[in-house]
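Peer 1: Top line first, the protein sequences correspond to chains A and B.
For the first sequence, numbering that gives the first Met the number 0 assigns the number 473 to the last residue and increments by one with no breaks.
For the second sequence, numbering that gives the first Met the number 0 assigns the number 432 to the last residue and increments by one with no breaks.
It is possible that some hints are incorrect.
[As the list claims (entries may be wrong)] Sample of chain B residues lacking proximity to chain A, with all beta carbon distances greater than 10 Å (derived): (1) Gly69; (2) Asp105; (3) Thr106; (4) Ala145; (5) Trp163; (6) Glu208; (7) Asp211; (8) Arg221; (9) Ile224; (10) Pro236; (11) Glu268; (12) Asn296; (13) Asp378; (14) Lys418.
[Said to hold, decoys possible] Okay, the calculated bits of chain A under chain B, using three or more residues with CB under 8 Å as the criterion: (15) 114–128; (16) 287–298; (17) 343–353; (18) 395–405; (19) 425–433.
Hint data in this document are derived by calculation from the structure and do not stem from the laboratory.
Glycine included, each C-beta is placed from N, C-alpha and C at the ideal position.
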Amino acid sequence: MKQIHRVASVFLILVMTTLTSAQQSSSSDVVLIQNATVMTVTNGTIQNGSILIRDGKIAAVGKNLRAPAQARVIDATGKFVTPGLIDCHSHIAIDGGVNEGTLSVTSMVRIQDVLDPTDINIYRDLAGGVTTANILHGSANAIGGHNAVIKLRWGKSAKEMIFEGAPPGIKFALGENPKRSNFNPAPGTSPRFPATRMGVEFTIREALTEAREYMRQWDEYRRQIAQNPKSDVLPPKRDLKLDALAEVLRGERLVHAHCYRADEILMLIRLAEEFGFKIATFQHVLEGYKVAKEIAAHGAGASSFSDWWAFKIEAYDAIPYNGALMARKGVLVSFNSDSAELARRMNLEAAKAVKYGGLSDDEALALVTINPAKQLRIDKRVGSIEVGKDADLVIFSGHPLSVYSIVEKVFIDGQLYFDRQADIARRAELEKEKQTLKQQLKQERPGQREGRPEPDRRDVPPPPTPTPQPGGEQ
Amino acid sequence: MRRSQTLLLMALLVSFGLTTMRFSSAAQGPVYAIKNAQIVTMAGPPIERGTVVIRNGRIAAVGANVSIPGNAQVIEAAGLAVYPGMIDSHTSIGLTEIGQVRATVDTTELGEFNPHMRAIVAVHPASELIPVTRLNGITSVITRPAGGTLSGQAALINLDGWTWEEMALKPSVGIVFNYPSLRSGRFFDFNTFEFQERSFERAKRERDEKLDKIRKLLDDTRAYIKAKEARSRSFNPDHVLEALIPVVKGDMPLIVSAERQRDITSAIEFTSEQKVKMILSGGDEAWKVASLLKEKNIPVLLGPILSLPNDEDEPYDQPFTTAKKLLDAGVKFAFQTGDSSNARNLPYHAAMCVAFGLPREEALKALTIYPAQIWGVADQIGSIEVGKLANLAVWDGDPLEIRSQVKHLFIKGRSIPLKSKHTELYERYRNRP
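Assemble the whole structure, with the sequences as input and the hints as a guide.
Peer 2: Printed below as a string of structure tokens:
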């Protein structure tokens, strides 16, 4: 029986793939959004502006664009268009495996291996205007695993969600989580090293030292081979853990470091400088405002919560002015969600930097668009409304920093992936389908009661069609 | 009975002292006049340009043509708007400082049935969370115990005062009842560190056992009242039953936490059968039983609104639309965050409902006058009317908009400095050389 399910699901995936590639081939669609207030983020705001989308890219932005003959025209009178929002710290779309909470150094594990494209939170966050997310491991380990930057192409496969060409990254973590301050070891297991911030520093130093030696061995091997291609010198033993760290040392893999306190932030800056690389982003970085000068001098980005605080002792000095304060002192700042729920209103998170610390509206919007794009080194593709960039766009019903505005349409690569009207239109149909399935189940298993235990998700094939479907058919 | 009479005497004295506390004696400060402000009274249409006079902690006058007393400190408020202080109907402020530091958390007593635990006596007036919360215009909160089935007595406090007595507006507003859910399925058991399967049958058995225990407690309380009345001298007090007396007499509600339709329905059946008052807290699926809630006149404490739908196949905006559905059905509701450090975001929970269809006016009422009515203190707070406590915030814009700022703040007529741990750290590090 299970076998049949597998076959069926494989078949459905094939069908889906065919469908989605059919969609892609039609991405030569030309769309003109007109009469909107266009917040480009990098080049000011255009009243009564238009955006022309062609081949998934922004082909033109301006005041009086004329619709090409074949273009589909979207009238956005009274509405605001922003770049797709970017969440620099997310754990959506992970099918287990957020934390490989065993070793303190797990630079061999990869988010891309556990991406779940059917996670409904992808759709929910998309409906809040998020188009790109940095999917990270949890913070259980001083050195965690590889991240995956994804576009929220709901309905596509895991592979198709990966942001093509985004530089690889890795999660580091400092403070209470890697030292396991707030967790009891499972019964029958012993505590894990490290247990202090001293130990966290040593753990990272030791791993980097090992990686440096590994890198040296490989460099030496390559040098010998280059000198004498016929040399019978043996290559060093391949080590997946150290491969990733060697990439860090060479500046080829971005470090996204979970941290809270000023001391540990400074520690990692000095450690990185000692090993000759740069931290890409400090994540959460709640006391970043205390060492903003040092972060700016090092050149790291800071990706923070807007206003969370006091949930643990290392978050007790967190202040909602953190983002604005760091930005004013020259740090490249973004706001992230770390939460499938919060990610649905990143625009409102940005508004908090206006309230707390007095950033301008444009500066605030940059916290969830161009700034995280720069931090993830994908700003050539996304993060602002500029000709040549990906047509990742959000149509809001009003000003994106107003609590009363809602997301109406979301485009990724020029395709409509969320459409509120289409979503609402499908609800009755979905409810009907649900009731029909319930009835069928009752007839098949008359003895079973409602509320029986749900089967383990790992044993069932993924749902054949994601609900609701992207509105891409328009 | 092993409980000592001395203890009971002390408890009775304390509770007597609390219930008879005179609000008017609390504040004897300066006289203030906020003039030229828009006044959103929540007791009629807004006054577009008027004055609010504050004296002895209370609102002494409000209107378009109010004369300003000669001794008043005048606050020029042209372009600003005065709103009643907002009320968060579920927090643990004062009971929780830092969630993950156990020594700072006093929400959860051991045991399943603790109707005699009183939140008010554990409220820490110097909590850093208090100034942080009130700086966003929230002047009163319900702070409540957690855990077990009957967690204890929730308190309604003002977010200012030297002691918990001074903070208390109503020391016991209800007993928190975490309605045992019929939820079954896989869950992580922290005792064994393993996933466990809870069958529907097991969930139902556990629920029925808990309900039977509460039935017995309520029956015992009824018998206890008779016994108490019959034997005045050698009577042995019972703290648990004492706490339930106002509940069986209908003077105090059970604050029933339930989210799912069948749990809510079951809770309504239970409280109806027991003839006790119920306030529903949480109520994710309250909209599915709105007509029953209306029929039984049960108010709902709605929230947190900023949360994910319960089920994968629910509309993505489900939590944002519940308030409007309750309004349409005529059910009274107030907003709650269920939070402590983030309670300052209360207005944004309400705002999200406005974005998705709730009239703004109703959202504001569900932050002010409706919770005051639900908690039985509408004669004290919740609107700007003569004689009420001066719990007011003066805003430079719409309080539901994130970019708006509080410019002046009054709690019980005291002018509250706009400072908190956060503003102080901001000032200190902004000026770091």
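Peer 1: With reference to the structure, classify each hint as holding or not holding.
Peer 2: Now for the hints, and whether the structure bears them out:
For Gly69/B, the requirement that its beta carbon stay farther than 10 Å from each beta carbon of chain A is met, with the minimum near 37 Å. Residue-level check passed: Asp105/B sits 15 Å from the nearest beta carbon of chain A, beyond 10 Å. Residue-level check passed: Thr106/B sits 14 Å from the nearest beta carbon of chain A, beyond 10 Å. With a least beta-carbon separation of about 15 Å from chain A, Ala145/B lies farther than 10 Å from that chain, consistent with its non-interface assignment.
Residue-level check passed: Trp163/B sits 20 Å from the nearest beta carbon of chain A, beyond 10 Å. No Cβ of chain A comes within 10 Å of the Cβ of Glu208/B; the nearest lies about 17 Å off, and the non-interface call holds. Once the 10 Å rule is applied to beta carbons, Asp211/B is consistent with being away from chain A; the minimum gap is 20 Å. With 10 Å as the threshold on Cβ separation, the claim that Arg221/B sits away from chain A holds: the shortest Cβ distance comes to roughly 33 Å.
Interface exclusion of Ile224/B from chain A stands, the closest Cβ pair being 38 Å apart, more than 10 Å. At the 10 Å boundary, the C-beta of Pro236/B stays outside the reach of chain A, the nearest C-beta of that chain being 39 Å off. At roughly 17 Å from the closest C-beta of chain A, the C-beta of Glu268/B stays outside 10 Å, upholding its exclusion from the interface. Residue-level check passed: Asn296/B sits 29 Å from the nearest beta carbon of chain A, beyond 10 Å.
Non-interface status of Asp378/B relative to chain A is upheld: no Cβ of that chain comes within 10 Å, the nearest being about 31 Å off. In this structure Lys418/B is separated from chain A by more than 10 Å, as the shortest Cβ-Cβ distance comes to about 13 Å. Residues of the region 114–128 of chain A with a Cβ under 8 Å from some Cβ of chain B number 5, which satisfies the need for three, so the listed coverage holds. Chain B is given as covering the region 287–298 of chain A, and this holds because 4 residues of the stretch bring a CB closer than 8 Å to a CB of that chain, at least three being needed.
Counting residues of the region 343–353 of chain A whose CB falls under 8 Å from any CB of chain B gives 6; the rule of at least 3 is met. Interface restraint, the region 395–405 of chain A with chain B: holds (6 residues with C-beta to C-beta distance below 8 Å; minimum three). Chain B is given as covering the region 425–433 of chain A, and this holds because 3 residues of the stretch bring a CB closer than 8 Å to a CB of that chain, at least three being needed.
No hint from the list above goes unmet by this structure.
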